[in-house]
Every structure is written in C-alpha cells, then in structure tokens.
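Residue numbers (the working numbering), protein chains in the order written: chain A, 111 to 277; chain B, 626 to 1152.
Hints were generated in silico from the structure; no laboratory data involved. Cβ coordinates follow ideal geometry from the N, Cα and C atoms, glycine included. Honestly, I wouldn't trust all of these hints.
[What the hints assert, rightly or not] Straight-line Cα separation of at most 25 Å, DSS-like style, residue types lysine-lysine; simulated pairs:
| id | chain 1 | residue 1 | chain 2 | residue 2 |
| --- | --- | --- | --- | --- |
| 1 | B | Lys-727 | B | Lys-787 |
| 2 | B | Lys-1148 | B | Lys-851 |
| 3 | A | Lys-145 | B | Lys-651 |
| 4 | A | Lys-272 | B | Lys-733 |
| 5 | B | Lys-677 | A | Lys-145 |
| 6 | B | Lys-677 | A | Lys-165 |
| 7 | B | Lys-651 | A | Lys-274 |
| 8 | A | Lys-271 | B | Lys-651 |
[Stated by the list, open to error] Now the stretches of chain A that chain B is said to cover, found in silico as 3 or more residues with beta-carbon under 8 Å:
| id | segment |
| --- | --- |
| 9 | 131 to 139 |
| 10 | 165 to 179 |
| 11 | 211 to 217 |
| 12 | 254 to 262 |
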Amino acid sequence: MKLIKSSTYSNVQLFWLVALRVLIGWHFLYEGMVKMTNPNWSSVGYLLDSGGFLKGFYFWLAGNPMILRTIDYINIWGLIVIGLGLILGALSRMFIIAGIILLGLYYFSHPPFIGLRYSLPMEGSYLIVNNMLIELVALVVLFLFPTSREIGLDGFIFHIKKSKLRS
Amino acid sequence: MENNKTDNSNNDPRENKKIGRRELIKALATVPVIGAFIYGWYRKQKFDWFLKQSIREEIRLDAVNPVIKRDVSRERQIRLGIIGCGMRGRDLLKAAGFVHPKTIDEWKEEALINRIDKRYHDYLEQDDLNVVVNGVCDIFDINAEKGLEAAANINRESSGGKMDPKPKRYRTYKELLAAGDIDAVIIATPDHWHAPMTMVAAREGKHVYCEKPMTWTVPETYEVVKTIKESNIVFQLGHQNRQNESYFKAREAIEKNVLGSINLIEVTTNRNHPMGAWVYPIHPEACPDNIDWDQFIGPAPYHEFNLERFFRWRCWWDYSTGLSGDLFTHEFDAMNQIFVLGIPYSAVSSGGIYYYKDGRTVPDVLQSVFEYPDRNLSLVYSASLASNRKRGRVIMGHDASMEIGRDLNIYVDRDSTKYKKKLEEGIIDPSLPLYSFTPGAKQVDAITSPTEQYFAGRGLLYTYRGGKRVDTSHLHIREWLDSIRNGTQPSCNVDRGFEEAMTAHMGTIAYRENRKVFLDADKQEIM
C-alpha cells in the first residue's frame, strides 16, 4: 500500500494530523500511568465483564493467573510506550499498529451491540460505535497519513538511517 | 485545501548532509508536549494526594488489610467427631480438611470447564489443621456414609485415590460424645438439637463447634451458658462471618468514629430460589428404613414420619427457629462483632407466609425492629425469601453511612457536621465513597449457585488472607481448634452465642405472639 508522503501536506493539514497523533498519544500515556500508579489495578474486572462473541476468550484470559499478570503488564507498559511513541513521533508506524490492536481488544471485549449489557458503567450512550472504535479509526487514519517523519523523532531516525546507508 | 508542498524527500540534497537546524526543530517539535504532560501529571498527583491526605487525616483509615496473627503450634493432633453430615455438616468437614472424593471429582471437572472455578485449587491450598475424624453420627444412613467416606479422605484425593479406613459410625449422639477417642465435636443438626447435644458434649468434656443458632428455646439458652461455663471446654458458635476482613475494617471505622453518631442499622435477607427458602431436595432413596425418625423428633412435638419435614425441617417451628434463627443471626452477629451491641431492650416483628404456601409454619417475609435506647439506635431486620432485590447491610450515622458485604464502602452524608468544612471546600464528594475496602481486590472469583452468590455477597463464603481467597468456615474452624490448643476463647464464644440466641428469640417471639417483647434478665424470660 502506497502511503501519502507527509511532505505533501499543507501546513494546516500537517498541524491537525500531528495534533490528532499527540492527543491520542497523551490519552494512551495517561491511561497507562494511571494504571501503573494504582497498586490495586487489574484488568480482571474488565475482562470478566466482557460480552459479545469473544467473551469466552476474555474469560479464559481472566481465569489464568499467569496470563492475567502478563495482560496487566502489557496493558500498562503498552499504553505508556505507545503514548510516548505517538507524542514524540518515534517508531510511529509500529506504535500505531500496536495501538490499533490494543483498542481492537478493548472494543471487542465490550462491543456496544444490540442486546449486550455490561456491569461496568459507560460514560456515554453508544450503538455499535463508541469512543474506542473512533479512536481506533483515528489511528488507522494516522497510519495512512503519517506525520512523524515531518514532525517527530522519526525524521531524525530516518535521516540517520539514510546517512548510514549512503556512507 | 491546497497542497503547497512538493515531494522532495528522496531528492533533497540536504539529506546527505548533517541534519539542519530546521529539521532538528521539526524532529523535536512535540518533545515539549512530554514536558506539559509531566507537569500536568505532577499537578494531578499533587491534587489527588492532597485530597487523599485530607481524607486520611480526617478518618485515619487506610486500605491495608488487617493483620490477623494466629501463630499456634499444631503439633498436637485433635480428634474430631461430627454429628450431622447433611449439607452444612459436609461443608464443615470440608472446612476441617475432609471432602468426599466424588465432590473433588466434580470440582475437578468444573475447573476444566470453567477456569475461573477455583474451588479445587482453593481446597488444595487450605491449611492442614492436623485433625482426624474418629466418629461420625447421622440418623440418615446415606448421609452417614457420605460423612464416613469424606472423613476417610485424608489425602484430599478424588475417586480411586488412597483413602484411610473409615472412622466409626455412631447410631446415637450420646454414644459418640461418650467415646474416649474424641476430643472435640462439630454439631450440624437441626436447630432443636443444638442445645441438648452441646450440653451433653460439655458434660463429657468435649470441645464444641455448634452451628447457629445456639439454641431453639429461651430456657435452654440459659442452661447452655451455665453448662459450658461450668465445664472446661472451648465453645465456638458457627458464625463464620466473624472471619471476614471487611468486618475488621468496619469495626476499625466505628472505633475511629468515622460515621459520627449512629442511629440506625439496617440488615436484610433477600433470596429468590427454593433452596434459599429451605425447599431442599428430598433424597430419592430416603425412607423409614434408613432414617431414625424417633431420634430426629427428639425434644420436638411428635409427628408421624414425613420426608418433607426431615429434609426441609427449617420450614417448621417444630424443629427450626425460622428466618430469625437461620438468617437474622448471621446479620446480628456481624453487627454485634462490629458494634458490640449485646441484647436489645425490646423487639417487635411482623411478616407472614406470603409466597411459599407449601405447608410451612415459619414466615417467608419478616420484619423485626430491635431497640437499643442506651446506644441511641435501632436495629432493623427485613427479609424476603421471594425477591432477590439487593439491599445490603447499611449503618447510618449523622456524618456518614457504611455499607458492608464482601466490600466495605463509606459515604459522607451531605448534611454532616463533622465533614462540613471539607464538603464545602469540595474535598469530599458525598456521591463518591469516602473510603472503600475490597478484600483480595485482584482476585478472580467464581461463585456458582444463587444461594452461594447470596452468601458470597454477604461475605459468608469467602474472605482473604494475604491476598489469598480462603473459606471463612475453614478460618472459623481453625480459630476454634487453635483456641483448644492454646486454651483461649474463640471470637464467637458462648457469651456471643447467648446474645445471638436471645436476640433471635426476641424477634421470633415478637412475631409469633404479635406483640412487643422485652428481656427480663432477672427472671431469665422474654416478657
């Protein structure tokens, strides 16, 4: 798939795409930090509240203490690292993909489909589309419209890599 | 929007040179966002810390689990006997470390289907109490056999595993209590047998763990207290919720006056399943040939052989103490543990048989109100056996209220005097818990039947020690055995049992005689 080069964007386009990237990064980073600093946090409650066709899978995750510990660890550090990557524009493509996978897992754990109800309160009213799905699609947009080589450390990394190749 | 830039990333001669100032600025353009995040994070942490600190200073409670130290040498083996191997009797055998192999088969199978089902895992983790069962007594042959097979399963094996020889079966409780190779006895029989058996056991010098309620009538309550005090035995009444970590925290909150002046305590029972209403299954093989009916009747009024009465005895006053004795006693004991309430000044009750028109004589809906004028509070009990509406266990104070189940939550009252300043400053939000305590917060639980859900929600099935889920009955039995070994009093001793039984009897008599009742301590009567 051929991606649009960031240098073809207008300044206004670039500004808003970078803003979207940074804001999603901020959200990921803060979610991760909150979980990291709460000694009682565990994904177990969320997993056991799962619904939809993947419910059995999430229950299985919750039922295995080893897997649960790993899930908790991945959740916390995944969110933090993805957040930092998006804000700084470092290895953005990889972190965007990781973010899409993570949000996909969250979405399919609690899909707002007709007939499904959850004990955990939701902060809004949703039918099929919820904030997680929107954030996921926004990350897909950021994947297709990359900005980190223009604004972000990827520009730096790309420059060094290219210099090494040429020398 | 116009694209006013050209694609020059591949041909830009600058890429071959050192990175320029402009490129550097663009590469690092979002770094300040990290600075802003760190600043925002710091401010938020500081604000949260300030809120927590302000609240902590006010209530002086932390979220740390209470430390319960019971380091007792278990070198000395205690030789047990059990009277009554029905559902509850077998639960208590499990709590002591003896489970029927077929039950272990079922747990193993369930654990394979449902990975959250930890019953088998938890049982294997349960402490070895260094006890042996030397005698089993049950007047129903099938239950007696189940008890014998469970008692022989000393290695916690499933079917086909290595078993010990079965212990001796006793046909009468008196024979079991006279046995020389039994030190202590578990009594899990119908209510009308609790007191007679406890008294014979005490006279025989056997330590007693007796299921609640302690007694069936008022006169025998006084006799039990007298007999136990004259003996040298250790008596524990079966209120296993004494071991619930939430209650230790609740007591701490009361001692630190977090709720202010407490004026009303509301405790409830809500169940909506035949098993919860004592409509227990009748064993298909049960008949006069394998049930000793005369022994079942004992001190109760005579009635011809009846399987419903035998298996669902809780439904008749002839053998039972109804809602008051079976379920209110758990609620009362929880509150007595937290508040040291003692016996109330007066009681009124009302209710009726409104749903289960199955020939029972005990009500399925009951309200009892107990007054404690010396403490300036009322204790209200409300029960329904035909509705699952969750109402909890709530303690209402002028400054805050507390809800206790498996979790504990404290909410500040919006018109509190004590917290007025902090409410005005916005430090305390009355819609959010001021304090929450969840024992074993990171654990996964699987509770199976509706009755189990009811008990678990009220902290009657499991609690946590060191973050590990533990059966509260196991802890209660363990406390009793430890007390026998070190000669101390357990938490639910005969004095607590006396308060429990007398309060329950006041509620029952007020209902049955449809009047307000009072305790006449001198005459040892309920007036």
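Hint check results:
no.: 1; hint: Lys-727(B) - Lys-787(B); result: holds, 13 Å
no.: 2; hint: Lys-1148(B) - Lys-851(B); result: holds, 15 Å
no.: 3; hint: Lys-145(A) - Lys-651(B); result: violated, 32 Å
no.: 4; hint: Lys-272(A) - Lys-733(B); result: violated, 60 Å
no.: 5; hint: Lys-677(B) - Lys-145(A); result: holds, 17 Å
no.: 6; hint: Lys-677(B) - Lys-165(A); result: violated, 36 Å
no.: 7; hint: Lys-651(B) - Lys-274(A); result: holds, 21 Å
no.: 8; hint: Lys-271(A) - Lys-651(B); result: holds, 17 Å
no.: 9; hint: 131 to 139; result: holds (count 4)
no.: 10; hint: 165 to 179; result: holds (count 7)
no.: 11; hint: 211 to 217; result: violated (count 0)
no.: 12; hint: 254 to 262; result: holds (count 4)
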